[in-house]
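Enquirer: With chain A held as given, fit chain B onto it using these hints.
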Amino acid sequence: MGILNRLSKAQKRKLFSRFVLNWMPILSRAQALEHEFSQIGLKSATQNYTLNTSTDSKHGVNTYAVFYAPRSDANTNAIAMLLSLGKLFKRCSHFSKDIIFVVSDGQAEGLQAWLKAYHGNEESTYDRTEETLRVRSGAIQAALNLDFAGTGDYNALGIFFEGVNGQLPNLDLINTVADIAKDVAPVELTLHDELVPYTDNMTKNYINSLKKMLYMMKYQAVGSPSGNHGLYLKYKIDAITLYGFDKPGWPSQRYGFQRLGSLIESTVRSLNNLLEHLHQSFFFYLLSGVRRYTSIGLYMPPVIILGVSFIFQALSLWGVSSDLPLEVEAISKGEKTAVGLPYSRRDRNLKVPATIIGMSFVAGLASFQLLTTEFGFPGETPMLKLVASVGVCSMLVISAVSSARVRNHVLKSADKKDNSASSGELTPAVDWIILKTFILALSALFVTTLSALNFSLAVSIGVIIVFPYMVFRPSRFIGLSIVQAIILLVISPPGLLLMASSFYSMDVSMVLGWALQEYEVLGTWLLPAVCGIYWPLNLAAIVMVLMPVS
Amino acid sequence: MLLLTGALLALSISSASVSASSAGQEAFTAKDAIPILKAPEAFHEELVLKPLNDGSVYSHFQFTTHIGTVMDEEHFEGAASNLFTHYNLFPRSIGQILHSFDVEELHLTFTQGRWHYGDWGYPIAPSVGTGVELWAWLNDENKQTDTNWKGLTNTLSGLFCASLNFIDDTITIEPKLSFRNEGLYNVHTRSPAAKNNTESRTNPRKLRYGSLPHENVCTENLTPWIKLLPCKNKSGIASLLKSHKLFDTRFYSMAIHVRPVCEDELCSVKSLELVQSVTTVFDVARHDGSYDWTMTGLFEREITQACPLATTSKVVLHLPQTTEYRNQYQLVPFPPQGAYSIGSTQDNIQEIAVYDLKTDLETHPASTPFQISLRWENSRPKSVLPISPGIVAHRYFTGYGQEHGGLAIEIHNNNEQDVEAIYLDTLPWYLKLYLHTFSIQLNGKTIDNQRDLVQKMYYQPAVDRSRPAVLELALRLPAKSMVKFSVSFDKVFLKYTEHPPDANRGFDVGCAVITVQLPRERGQIGYGGLDHLRIYQEREASLVQSRLTMDEDDGDEAQVIKRQESEMDRIRVYTETLLVSLPTPDFSMPYNVITLTCTVIALFFGSIFNLMTRNFEVVEPKGAKDAKGKGKSD
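Quick mapping for you: the protein sequence lines, in order, are chains A and B. Take the first sequence: its letter number 438 is residue 446 in our numbering, and every next letter is one higher. Take the second sequence: its letter number 168 is residue 169 in our numbering, and every next letter is one higher.
Watch out, some of these pointers could steer you wrong.
In silico contact screen, one side only, chain A against chain B (beta carbon under 7 Å); selected entries [unchecked claim]:
#1 H127
#2 T137
#3 Y243
Calculated cross-link-like contacts (lysine-lysine; reagent style DSBU-like; alpha-carbon spacing at most 35 Å) [what the hints assert, rightly or not]:
#4 B:K433 - A:K244
#5 B:K228 - A:K124
#6 B:K151 - A:K124
#7 B:K228 - A:K244
#8 B:K228 - B:K144
Under 10 Å between C-beta atoms, here's a sample of chain B residues computed to sit facing chain A [stated by the list, open to error]:
#9 Q403
#10 E411
#11 K485
#12 E577
#13 L580
#14 S582
By construction, these hints were calculated from the structure, which means they are not laboratory data. We treat Cβ as the ideally placed atom computed from N, Cα and C, and that holds for glycine.
Next up, chain A with everything else stripped away, as it sits in the complex (with noise of 0.2 Å):
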């Protein structure tokens, strides 16, 4: 968590050895830490918050300080900052814009606290209070989120900058970072926390690049922070978060307090000079290098194509339910001569397969509501309500899939009995067609509008079904079709669950609670995103594969 910068190191250790220790108890750790900082001279208060999710409660006291700037207008920009620097920072008198610092307790949540409650948002509900803030200032600008483990010496220093639902913070301010640690503050900077030697071997770099930009593409696609700066991002605020790492054995320089304060307070005083919010219109960028960006008018191309593809298919099958078939009829009855109107439509048929969408979007929202309610009987967990979930989900394909075939089949009897009346009329196209029309369009609509939102989220999404939505159809070998519907079924969010559960090697209901307090407590849009569009487009998917084909 967010631990302190210190420059002298005498003070650190002391700070450390007060407060780092875990066996501090909470409150008063939060004491002293406010202590300490109105012996600086700088104002200081605490925080309390209570939260509880429907997986546990969690209490947690936050400290924070103002520095009010001498030379400010009172208009009070300020920089939250995770901990220190104020004595040096009292010192100055050049500063124009005050600064917050904030030592937020527990992980996202205490931080998330003090930010509603700055913003005038605080609740006290039985599910979560939070305390009004006693100190203030004014509208923060930018934030810089400190996280050194330890209290010795770094290998360098790893940027996060990933936000909450992919949201990024301007790349001015990285950009700012990076030009101090390149000139000022010497220190070696990278992306996240991985170390990558630097090889004269051109695709030994690109992979490494590609690499850190697809670790990039998984935290924005989860949606989760990387970090506790990305709590901020919602409230126009840029900030990012610099982490020291120290890798033991790393052939590589190793900084100090020394070295990284002045870096930290160089970008203080960078931020400070600002005189406008970082606003040019950098805020869409995928980064593969500290230095390196990929603009959007590069990245969204791609994305768009695949969104287009399922339009296109679904615009043929839109076609083939009406027109086409028409024709080629025509010409296979040749003598028929009546039905050879090149425009006459047959009926579209689009009561079963809206049923199976809206019963789908229905299945989906319900498990999202079993997921996300507490009902409080004995033994309640995450997984259990996933397990309910998926029942409800598989009553609705079984129902579903039954029910055509039963229909179909009463149809097809049907047909056989009057074969001789019908004969003027055209059989309506198949539901499946319809069906799977439906489906693509959907998915087309749901890419591509999230990729202007959350652009890896779209992209992963779009890559993991563009292949089975387009090309899966049912079969007439009934063992096709159970393939396909496997296929289906993996790529479905529960399948999806256990597949990235036994990739981390992690219990899957650890992956399940995870999810399930990134939404409660973060609000990202991961879980209500899989449950009300992705899941029932999959299932919508599931029983068109296993409907019959005639």
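Expert: Coordinates of chain B only, in the frame set by chain A:
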């Protein structure tokens, strides 16, 4: 010119009769002892220093110039006719401004930094809102107030090198309850009967108030301010004003206040008073954590002599208030006549040390240059008397995003009794206030019956691009309570030309003002506001008188009660100025688009125009040959 004098004369007569009737109730006894006006013009200079609890040192320079406006015959014969024709001490530039714009009372304050009420208590000069604050009472007999106000702002803008001309209709307001006259009969407003009468005077006057929260204050404002002083900064207390040091402080404020005042109890002698003040808070402990200071260390200048033109020239030091260990500091030099205390009750007693520069520097040449130093044992006080200001207010924006927002105001009443307060808030028109969302929380609980708290409410809705929204509330704050108001607003999408060049910085919203009457409290600086000079003099005078009338048992209880009542100070509490970010277009994008379009148009237009206007003809190769042949043949 004559007109103004005439008006004042008329006032003086009406109120003189009033105060004569209520003279018996007067709390101020030492009228003959107050030696303020002995000449048609008088100049007083004064410096108040006070060590604050957090180690900072508060300094307040006050330069008071009086010009006799209306005098009774026996004192100053023929002086009245000289008003605004001859300037000796009173600055001509101010006199002319007052005269040409019919100004009765003028208050202009430049402030940089924030005043921390919680740590520092109340200041002597009450206006501490960040930026520039200007308010004036204008004579409205000719119905020229708006023109006069415009002229006044523009002239002051030129005089003080500030952007005061930006105080136009869109930010000017006319408060209904706040910013009452501080001027004429200010002595008598302390007795209720006289107060009622002064307000019912027939002379039509109008109040105008405007503030610029984003105005930076610097030396170019200080220089013209210093030029108004009779001695400039060549001698006297003003020689301490070194801009390098003054602007390297936690708080800096300079002001001019012009107001008519009574010179005696019956108001038979009146004068126009010009108060110039500079207030700073030096962060002494910034460098080494030591609370010790010397005057040379603070100002990097020395006083070698009092201003020769000054009637009085004093340095007043409020001695630190410590709870125990009374002698933990050392003051050098200690004033020869010793320190004495002002204030009557235990709650508001304040020990002060007064140095009279006139006598000290002239009679004891050894003491030049004048020097004060204060040293603590172990360079830090062991215990200080905590300050708890009676009323503290905070205002902040709630919500996020660029569409909606909310405004929250917290007012803490730390007094033991209910307090009547007036809240004034001006919001620019681009914040669309929704009054139906106005809600009140008392100690964290929403209350339904707002009438208990809000006794009067004046609300002026904003008009786009022409006037701001004004919310003025008369409040009754319960004892020991925290009252929180909240209002929601929408943010307006401005036209692109209305954005300032630094559009993404946000827009400043000026501070809200709470006017309140509070009993004087111990440890507070704000002793009597700008009248504190009188308080010191009264105290000295009453000391003299008490020695004279030692055997008379004059101190009856009614007198004591009266005195306590009179020690209510009208205080203004300023909240923070705020910064609001409005939806801002990406200004670089239109630029890109314009450049791109222009390039494309230039390319296409150029080539197509070229193609269309050019006349294409097939050139005959034969003719060319002929021409060549001709040329050759020629």
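Enquirer: All hints are to be evaluated individually against the structure, with a verdict given for each.
Expert: Right, here's what the structure says about each hint:
Hint status for H127 of chain A relative to chain B: holds, with the closest Cβ pair at about 5 Å, below 7 Å. Hint status for T137 of chain A relative to chain B: violated, with the closest Cβ pair at about 12 Å, above 7 Å. The closest approach between the C-beta of Y243 of chain A and any C-beta of chain B is roughly 5 Å, which is under the 7 Å cut-off, so the hint is satisfied. Of the supplied pair hints, the one linking K433 of chain B and K244 of chain A holds, its CA atoms being roughly 22 Å apart against a limit of 35 Å.
The hinted pair formed by K228 of chain B and K124 of chain A fails the criterion: a straight-line CA distance of about 50 Å is larger than 35 Å. For the given pair, K151 of chain B sits about 44 Å from K124 of chain A by alpha-carbon distance, which is inconsistent with the 35 Å threshold. Of the supplied pair hints, the one linking K228 of chain B and K244 of chain A is violated, its CA atoms being roughly 47 Å apart against a limit of 35 Å. Restraint check for K228 of chain B and K144 of chain B: satisfied, since their Cα atoms lie roughly 33 Å apart, inside the 35 Å limit.
Taking 10 Å as the C-beta cut-off, the interface hint given for Q403 of chain B holds, the closest approach to chain A being about 8 Å. Proximity of E411 of chain B to chain A holds as hinted, the smallest CB-CB distance being about 9 Å (cut-off 10 Å). Checking K485 of chain B against chain A by beta carbon gives a least distance of about 9 Å; that is within 10 Å, so the hint holds. Using the Cβ-Cβ criterion of 10 Å, the hint placing E577 of chain B at the interface with chain A is satisfied: the shortest such distance is roughly 5 Å.
Proximity of L580 of chain B to chain A holds as hinted, the smallest CB-CB distance being about 4 Å (cut-off 10 Å). Checking S582 of chain B against chain A by beta carbon gives a least distance of about 7 Å; that is within 10 Å, so the hint holds.
In the structure shown, a violation is registered for the earlier hints numbered 2, 5, 6, 7, in ascending order.
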